[in-house]
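**Q** Sequences and hints are given; from them, build the entire structure.
There are 2 protein chains.
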Amino acid sequence: MKDDAPLDPLDFFFRPRSVAVVGATPDRSKGGYAIIANLLEGFEGKVWPVNPGRREVLGVPCFPSVRELPEAPDLAVVFVPAERVPGVVRDCADKGVRAVLVESGGFAEVGERGAALQEEIAGTARRAGMRLWGPNCTGLVNSDPPLFTPFMRLPGMNMRVAQGNLAIVAQSGMMAAGFMIQYLLTGYFKVSKACAIGNKADVDETDVLRYLTGDRSTRAVVLYLESVSRGREFLRAVREATERMPVVVLKAGRSEQSKRAAASHTGSIAGDDGVAGGALRQAGALRVKDFGELMALGRAFAMHPEPFRLSTPEGNRVAVITVTGGGGVVLSDLLQDLGLRLADLTPSTLKRLQEEVFPEWMGPANPVDIWPAVEKRGLAALERSVEIVLADEGVDGLLLLPFASRMVRDYPFAALGETLRRWGKAAVSWVFGDRRFFEQFDRSMEDIGVPVFPDLSLCALAMHGYLHYARLRRRSSERWE
Amino acid sequence: MKDDAPLDPLDFFFRPRSVAVVGATPDRSKGGYAIIANLLEGFEGKVWPVNPGRREVLGVPCFPSVRELPEAPDLAVVFVPAERVPGVVRDCADKGVRAVLVESGGFAEVGERGAALQEEIAGTARRAGMRLWGPNCTGLVNSDPPLFTPFMRLPGMNMRVAQGNLAIVAQSGMMAAGFMIQYLLTGYFKVSKACAIGNKADVDETDVLRYLTGDRSTRAVVLYLESVSRGREFLRAVREATERMPVVVLKAGRSEQSKRAAASHTGSIAGDDGVAGGALRQAGALRVKDFGELMALGRAFAMHPEPFRLSTPEGNRVAVITVTGGGGVVLSDLLQDLGLRLADLTPSTLKRLQEEVFPEWMGPANPVDIWPAVEKRGLAALERSVEIVLADEGVDGLLLLPFASRMVRDYPFAALGETLRRWGKAAVSWVFGDRRFFEQFDRSMEDIGVPVFPDLSLCALAMHGYLHYARLRRRSSERWE
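Which chain is which? The protein sequence lines are A and B, in order.
In terms of numbering that gives the first Met the number 0, the first sequence has 323 at position 324, counting the first letter as 1, and numbering is strictly consecutive.
In terms of numbering that gives the first Met the number 0, the second sequence has 469 at position 470, counting the first letter as 1, and numbering is strictly consecutive.
One or more hints might be untrue.
Treat identical chains as interchangeable: a pair holds within one or across any two.
[What the hints assert, rightly or not] Derived EDC-like pairs: lysine to aspartate or glutamate, alpha-carbon spacing no greater than 20 angstroms straight-line:
1. 29 with 409
2. 29 with 40
3. 189 with 143
4. 288 with 336
5. 189 with 433
6. 29 with 55
7. 29 with 374
8. 375 with 477
9. 375 with 82
10. 375 with 26
11. 29 with 392
12. 189 with 438
13. 375 with 445
Hints are computed from structural coordinates only; laboratory data are not their basis.
**A** Here is the structure:
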């Protein structure tokens, strides 16, 4: 922990100076191996393996119990069978450990006996003034300072977690681990923190969201939740968070059948406790339905967490510049489903498009179908139409629907980026066509701050997210004027 | 055309013995080059370039007009400026051409003058008893016998169009071309035909759907439409088609704003003419909202066009076998949104899962969370749980949610495939985790007939599609018993 850091109890989880790993082992098939091997590779503080059956693990001296450690670690990571966890947690309390992360499963998610064990360790921690994270989770990842606690071995993981401004919170362990592998390792976005909170015997989504709201490296948060432990307090935390950053929530358990499924999974009562979709929206969060949507909004906000500039009072007017009329039509339906409207371009905009971009025989409209213009004038038609459309004061955001082909090499990315920066309006791009050019297009657009999605519905959703957050911040700033 | 083929007027488009290309040119920047170059590479019949300014094109003798051709071609593909098209169509009529495909734009989609031109060529064709396809389209692709008419150059395209059983119909030219490049070339699915119908001056979606219904190589159809020309007849054609094959429709223009957009795009009145979502569903079609959904169902039905076996009277009971509890919970919500229910597993199924798969401390339920069992027994837990769950007579379909990792190499694909074949029930798989193993997983599952999607919502949609079609065919067969 840096000395200048505010002393939040959760700092001992996110920025410990020392970590004990209870259940550390050199057996490569075990989670206790993965945890210590990952830490030894990337964590910059002290690491103490704890295992009564070993004298050293991976070349590091091993201690028979937490009580025998040379000093109290800031954080103890516990991965031993459930029935042995209460004793370990007592040892931690006695030793003066500040934070315990229990990754083991076999607690409330497996029935009454497990629930009793969970109650016991939560009570021990509470009485000792020690915070407890988990059980039944993969723990957390911090990109700065580097910390990676999950029990899957990812060689070099700490180094590869690209440092960013997005925080991910997920209740489910496998999902959180899957997210990290699928999205982090492939550079879909960069993160500040990733948190798998599991059964939430003590530390819950409200605690974590509050911590992230005060975290200087976090600028946007996405949460996957199966249950909410303290409904009112969570909604208050969401409201506070959205004053500083966009918050996106995938709240499972919308239906009766999924609530039952959640109960048997993380042992939680998924009863919403007042946290229905409407309440979440009122608190300023964006609610989504699928992991792909959650990650897409995460990507969009990681690339641009600040609120965009709005031009219209409604703040929901969108222009579409497209090379495919059909794509524009389908997108119009998807925008409407999300409460967005096609902007009515002003007569002056239409006149400029006609004179400077469109062929004579074709009248411009929104969606702005530039294919015939591109055939006639090349990619200058794209560059010019973006300039003209962004200048329209009836346009809040711009959706681009270009075609990926060999032409991607000649796209006027730098000029587009310059125009977008000048107007400060939201922009999102689709990509379709020749897949061999998707990645190049994607990277070039990312460089100028425009997220790209291969699904029109994700494009519409990202635009909805950008404009939603911009409206939220405008209302909030109006309150203070 | 093979002599044994039934003589449908549309055969002259799909299986011509000879093709004239009006507007053929050696200028590589022009569509008229792409059309002839593609044909010379892949088409097995006679090809005649037509262009008054050339004596040969790409080494083939060129004719100044259709009238000068040595004989009447079965098909004339026309790609010249709009104002020259009426003369060309008259020449075709005079010569006795059977089918004219007009790819040129500049007709009803650009206003009154274009609409008059379009009316003129449609009248010429009608009076001559000649069918006219287009204008303002990219034409069609047939995989057997090979025919590729679009005006974008794709070297080797004819060879690479993998022959399959799915037909694609799309009103919008760029979209149709984009689909072909994006989905066909990357092997997302294999097709029998791909049809871009454009402004539909004569041949429309009803004609094409009827043709495909009688086509021996087509087993499933996906349609992207911005307008429907003859509502009642189209619905009748859909009903007839669904007696033989699954039909999926993306009908754009659901909202007022998109209807306006469609009008300026393909010059069509998108007024539904009775073809609302409800009517389409009643006729047996599946309706989707985005291209990604249309293509996903196309992929699912291309892999399995036959109706699956249903076990329950409702035919909507789904089992989920998952390594992530969280994925199972979110999927439960998405299934419910589509009218699907989590199957209530019978006591005997639960008993077998407990005894043969699950660890003692964990009680099985649906979603069947096999992660702890996999940790204990390895991938045998997956194989065994699939066998047990498919045997349950309360289960109509199975969703698999496995994790992609190095373990993909050891997945029991062959055994899974054998079990699935034995029960004849619908199966769809998600994939998440380490992207490096997605493709391998995908291909291996495809080999055993299970479509894989990286979005849970597409998995739910594909299962919905499979069960919808199975219910439809069950009802239909009951009528005849």
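**Q** Now tell me, hint by hint, if it's right for this structure.
**A** Each hint, compared with the structure:
1. 29 with 409: between (51 angstroms within a copy, 19 angstroms between copies)
2. 29 with 40: So residue 29 and residue 40 pass the 20 angstroms test inside one copy only (17 angstroms; across, 58 angstroms).
3. 189 with 143: Within one copy only: 12 angstroms inside a chain, 47 angstroms across chains, cut-off 20 angstroms.
4. 288 with 336: both (14 angstroms within a copy, 10 angstroms between copies)
5. 189 with 433: Only across copies: residue 189 and residue 433 sit 17 angstroms apart there, 27 angstroms inside one copy, limit 20 angstroms.
6. 29 with 55: within (16 angstroms within a copy, 72 angstroms between copies)
7. 29 with 374: Cα proximity of residue 29 and residue 374: across copies only (10 angstroms, versus 60 angstroms in one copy).
8. 375 with 477: Neither. Shortest intra-copy (46 angstroms) and inter-copy (58 angstroms) distances fail the 20 angstroms Cα cut-off.
9. 375 with 82: Only across copies: residue 375 and residue 82 sit 17 angstroms apart there, 74 angstroms inside one copy, limit 20 angstroms.
10. 375 with 26: between (66 angstroms within a copy, 15 angstroms between copies)
11. 29 with 392: So residue 29 and residue 392 fail the 20 angstroms test inside a copy (60 angstroms) and across (38 angstroms) alike.
12. 189 with 438: within (17 angstroms within a copy, 24 angstroms between copies)
13. 375 with 445: For residue 375 and residue 445, neither the intra-copy (28 angstroms) nor the inter-copy (43 angstroms) Cα distance is at most 20 angstroms.
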